[in-house]
Amino acid sequence: MKCGKVRRKLVAYLDGELGERQKKLIKEHLEVCDGCRKEAEILIRTSCFLKGWKGVKPSLDLEAKFWQKVFSEEKRYLSPRPILKMPRAVFSTVLLGVLAAGILLGVFIEKTLSWRTARFWEEEYVSSSGLDSFQDFPSGSLCEAYFNLTFKEEENSP
Amino acid sequence: MDIDAELMLRFKQGDVSSFEKLMRKYKEQVVNIIYRFIGDRDEAEDLAIEVFLKVYKSAKAYRAEAKFSTYLYRITVNLCINELKRRKRHKSVSLNNPVASKELSSPVSILEQREREALVKKMIDTLPPTQRIPLILQVYEGLSYKEISKVLGCSVKGVERRLYRAKTALRKKLEPYLRSQK
Ligand SMILES: [Zn+2]
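Chains as they are written, first to last, in my numbering: chain A, 1 to 158; chain B, 159 to 340.
No lab work stands behind these hints, which were simulated from the structure alone.
Heads up, the beta-carbon is just placed ideally off N, CA and C, and yes, glycines get one too.
Any given hint could turn out to be false.
[Claimed, not checked] To be clear about the criterion: a stretch of chain B counts as covered by chain A if any three or more of its residues have a C-beta under 8 Å from a C-beta of chain A, and this derived list gives those stretches:
no., segment
1, 176–186
2, 190–203
3, 310–323
With the hints as constraints, model all of the structure from the sequences given.
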């Protein structure tokens, strides 16, 4: 293996990321090549130096902060829509107004309907009871006799 | 299926204690990935909370197709990238401050641990995000190239190329200090 190719593969070799065959070839090269061996050494020292950055320990209240955020988001999600968020006094007034309007509308509709219904039933009753065609009793029936009798009585009466 | 994916599925079915276990297990990794990427501890913690909030909210859609850690790291990385874009839009603190030459003048052997950490942090900040993220996942979280490729959604070769560039760049920058450290 040539030095150039070894150098390009050196980082992956030191990270333990090469297959067995390539690993063997590079290992053999490093045993005989001073330049590449020195390069490998300095890369190892670079990695050690980088690992000296220890990082940080998370704060003890990180989880508490997380749950606080979860609850505040859930609360926001579950809270009422803006229209219901108006002040209590305003909300009550609006609600009363809506109720009053509803009652008034109800009364109006009820009145209109009941007047029309009454007329309808009146007409229906008159036609169905046969009083608008009272002369059509079957001849010889008891109804005709009764009608003739009362009709004549009314005619004869002063 | 890995045990963490099982915990996540149990949480999906309503067991909140499974989610708590996952958060307890991974919070340090998540905070540190973000911290090493954006460089601010408090912000890293706030963003870590956002990561877990995303996991919490998307539990219903969770399917154990990959390792849970891969899923979690992907969310973390996406959040880091979004944060970087947001900062660029608002032109806030530069994440790529080049290391001033005078700050690098002392040999590594006489640097205090805190100074060494600051030096590493600044060195890593000089890398483009496309190299910085795989470097953080590989060096500090111990992820394999294959795992990184799954997190980033790129090929293993792509990861190898990025890490080669990142590490050789850092090696060049650190060489004077590393030689004095013998
Ligand atoms: Zn060589």
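- Query: Quick check: which numbered hints come out false for this structure?
  - Reply: none
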